Every structure is written in C-alpha cells, then in structure tokens.
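J.: Just so you know, the sequences run in chain order U and S. Just so we're aligned: 16 in this note's numbering is position 16 of the first sequence, and the numbers increase by one with no gaps anywhere. Just so we're aligned: 72 in this note's numbering is position 72 of the second sequence, and the numbers increase by one with no gaps anywhere.
The set of hints was computed from the structure by calculation and includes no laboratory data. Nothing here was measured: the structure is a model prediction, and the numbers come from that model. Don't be surprised by glycine CBs; every beta carbon is placed ideally from N, CA and C. Any given hint could be a false lead.
A few chain S residues facing chain U, derived, Cβ under 10 Å [what the hints assert, rightly or not]: (1) N28; (2) T29; (3) T35; (4) G46; (5) R49; (6) T54; (7) R62; (8) A63; (9) A71; (10) I74; (11) L76; (12) L77; (13) P78; (14) F79; (15) V80; (16) A81.
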Amino acid sequence: MREYEVTIIIQPQLEESERNSLIEQVSDLLVPGAEDETKPAVNEWGLRRMAYPIQKFTEGYYVLYEGSLDPSRITEIERSMQYMEDVLRYLVIRKES
Amino acid sequence: MEDTRPTRRRGRGRPRRRICAFCVDKVNTIDYKDTEMLNRYVNEFGRIRPRRQTGTCAKHQRALAVAVKRARHIALLPFVAK
Numbered sequence: 001m002r003e004y005e006v007t008i009i010i011q012p013q014l015e016e017s018e019r020n021s022l023i024e025q026v027s028d029l030l031v032p033g034a035e036d037e038t039k040p041a042v043n044e045w046g047l048r049r050m051a052y053p054i055q056k057f058t059e060g061y062y063v064l065y066e067g068s069l070d071p072s073r074i075t076e077i078e079r080s081m082q083y084m085e086d087v088l089r090y091l092v093i094r095k096e097s
Numbered sequence: 001m002e003d004t005r006p007t008r009r010r011g012r013g014r015p016r017r018r019i020c021a022f023c024v025d026k027v028n029t030i031d032y033k034d035t036e037m038l039n040r041y042v043n044e045f046g047r048i049r050p051r052r053q054t055g056t057c058a059k060h061q062r063a064l065a066v067a068v069k070r071a072r073h074i075a076l077l078p079f080v081a082k
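Please build the complete structure, drawing on both the sequences and the hints.
T.: Here is the structure:
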C-alpha cells in the first residue's frame, strides 16, 4: 500500500448534482482494495481557468484526492478514468515520503 | 595583427546567483500544485529556466522539471505561452 495523490479535471458545464455524483464515483474507485475500502480525502478546488484549452473548454473543475492505494490497481484506476467522458484530465502521483 | 579572440565575458549579464532556493528551505518534494512557485522557474514562453539563471542545484532542478511537467499535464502551467 502506498500513498497516492490523484488530481482530476471535470468538464465545467456539468450540472452540480451530476458533478457531485462523479466526484463520489471516483472516490469509490480510489479505495486501497476490495477488503479495505477507506475513502480518500477529497479536496475540491472548484472551477479554475486552465493554462490551455482542453476539449475546447477553457475552465475546469479541479478535484484532488489523497489516500493510499495498492500499486497493482493503478492501471485499472487509470483505465476507468480514461473512460469517464466528463473527466478532462487526470493525474496519479505517488507521494514521496 | 589584430586580436580577434572574443573579449572576456566576465561581469556581463545577469550576476551569478549560486544559492539554490530549495536547499535553503530544505525542500524535499517540489509540489506540482504550487503554481505561484513554479511560475518563477519558467520563462515568459513557459519554458523551464536553466540552472544557470535560477541557481537551482542539480538535484532540485531535476525534481523541479518533473513538477513543471506534471503541472503542465493538468493545465496548471502552459506548454507554450505567448
């Protein structure tokens, strides 16, 4: 188990309720494993202007997650986020101790 | 015969700043989310500034480069500005 930090950018035009459920959905994904379902700490930065447009959007809703994950699940997690259309970008970082 | 060798550049340009700001602050990890700090290490075009300009040590320059690249990925910093 290792400490990770995951940042995602959500499409800005999403309804608040849909956005919240998406945030929840990603949070459910970022649990250490099947036995240990400790949710990550969620930090919503909110709407922020991006340095360059992504998929024609100039703004994005940034959400930061922090928690521990099993390294073997990273590929699966990244693949799942790849398929979420409202997630413009994601970044998974292993925290240095 | 005329001397065509280039003149010594000593004292020209930006004065040497040999102190690494990260070593002074005893920084272990450079945070990719700290845009304000990272902005000091990229030039007006968004390129990473060389060590010779910023005085960063080799170790921290490597960590800094990674941080800038991460920040670019999540659109906190531009790949190309201007």
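J.: Using Cβ atoms only, decide whether V80 (chain S) comes closer than 10 Å to chain U, and label the hint accordingly.
T.: Result: holds, 8 Å to nearest chain U Cβ.
J.: Measuring from the C-beta of A63 (chain S) to each C-beta in chain U, is the shortest one below 10 Å?
T.: With Cβ-Cβ at 9 Å, under 10 Å, it holds.
J.: Classify the hint on L77 (chain S) as holds or violated, based on whether any CB of chain U lies nearer than 10 Å to its CB.
T.: holds, 5 Å
J.: Does the CB of R62 (chain S) sit less than 10 Å away from some CB of chain U?
T.: Cβ of R62 (chain S) sits 13 Å from chain U, so the hint is violated.
J.: Are T29 (chain S) and chain U close enough, Cβ to Cβ, to be under 10 Å, as the hint says?
T.: Check passed: Cβ of T29 (chain S) comes within 5 Å of chain U, closer than 10 Å.
J.: Hint N28 (chain S) vs chain U: min CB-CB distance below 10 Å?
T.: With Cβ-Cβ at 7 Å, under 10 Å, it holds.
J.: Measuring from the C-beta of T35 (chain S) to each C-beta in chain U, is the shortest one below 10 Å?
T.: Result: holds, 9 Å to nearest chain U Cβ.
J.: Holds or violated: is the Cβ of P78 (chain S) closer than 10 Å to a Cβ in chain U?
T.: holds, 4 Å
J.: Does the interface hint hold: is T54 (chain S) within less than 10 Å of chain U, judged Cβ to Cβ?
T.: Check failed: Cβ of T54 (chain S) comes no nearer than 20 Å to chain U, outside 10 Å.
J.: Do the numbers back the hint for I74 (chain S), that is, is its least Cβ distance to chain U under 10 Å?
T.: holds, 5 Å
J.: Quick check on A81 (chain S) please, does its C-beta sit within 10 Å of some C-beta on chain U?
T.: Result: holds, 8 Å to nearest chain U Cβ.
J.: With a cut-off of 10 Å on the beta carbons, see whether G46 (chain S) makes it to chain U.
T.: It holds, given that the least Cβ distance between G46 (chain S) and chain U is near 8 Å, below 10 Å.
The structure shown violates the earlier hints numbered 5, 6, 7.
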